[in-house]
Amino acid sequence: MRFWRQLRWQIIGAQMLVVIVGVVTLSFTANLLIEQTIPTAQVTPVRTTVIQALAVAALAATIAGLTTSLLLVQIILRSLRNIAGSSQRIAAGRYDERVEVPASDELRAVAESFNQMAEALEQIEQRRITMIGNVAHELRTPLAGIEGYLEGLIDGVLPNTADTFLDMKQEVRRLRRLVDDLQTLSRVEAGQISLHFTTFDINDVIRRVVAQIQPQVLDGCLQMQFASHEHPLLVHADPDRVAQILLNLLGNAVRYTPEGGCITIRSVHTNDEVQVIVEDTGIGIAAEHLPFIFERFYRADPSRARTSGGSGIGLTIARHLAWAMGGDIRAASAGPGKGSTFTLSLPRAG
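Position one of the sequence shown corresponds to residue 1150 (this note's numbering), numbered consecutively onward.
Keep in mind that the hints were calculated from the coordinates and are not lab data. Everything numeric in this text was worked out from a predicted model, so none of it was measured. Hints are not guaranteed to be accurate.
Taking CB as the label site, the calculated pair distances span [unchecked claim]:
#, residue 1, residue 2, range
1, T1348, L1315, 38 to 48 angstroms
2, A1240, A1436, 36 to 46 angstroms
3, T1348, Q1237, 45 to 55 angstroms
Just so you know, even glycine gets a beta-carbon here, dropped at the ideal spot from N, CA and C.
Given the sequences, and given the hints that come with them, work out the whole structure.
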């Protein structure tokens, strides 16, 4: 009975069952009517005629049922075979594979869903390839610097002094920072980051972060205005992770705001959430770049970002941390040269 597991035989069997039930029902009904309405002398010839008619009808129904079943099976199985074949090719790495969309509403919905899945897989694979290239590029830069220092020391071009080794140590720190960021990104995207939720005043964390980053602001001749809310703004989140997010946002503001610019951080609240808004008068973000700035290694200005020492994944980590705490981060800008605004939203406690 193994063949009954196949869809084609199930459909054909269902059609034949309908024919058999119909013929038996008609035979029983006809026989009952004949006995009740036809005189006894005429029962036999009438019954013979009815049986012959039912036989012809049963044969015609069987032929029609088999024909329609085979056609239906052919249409369904063709679509299923196409999907199965495309699935195997996608599994083998051909992410550009798509299936033909049939005319049937149900099969069309399945095919369109499959194509959407294939397109999503292709985009994920493209992002994976791009990420590998970006990681290789980011790792190559400090490694090339370290190699250059070593070759200079071996050839006697660079002096064997503490300053040279300090420069080499700076490249090693840059390499370690990138590796640490990659490890953090991998953990936070996999949902393996440890979070310690508590209720605290967001303004206390803002003050601590501002005090920590203030020396960088002074060195860059920037101004920072901290507009604190008069009353405590309680949030339910991980204070250390919130501080990590704000350090990233303020660090980016410092990095991309030229001398004489201004950075403002302020806190506001609604009924359900507390928002920390970081505004700067820096280089701004073009409209075409805004939807992508939270993607891994995405840079609106690659040359400027690499010379400034950014890894290109800080915003990605920050947003995933915000998501893990039930919040979000949004970015806005009026355009190049018009500054940027980043808004961190967190659930309000109580």
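### Query
Which hints, by number, does the structure contradict?
Failing hints: none at all.
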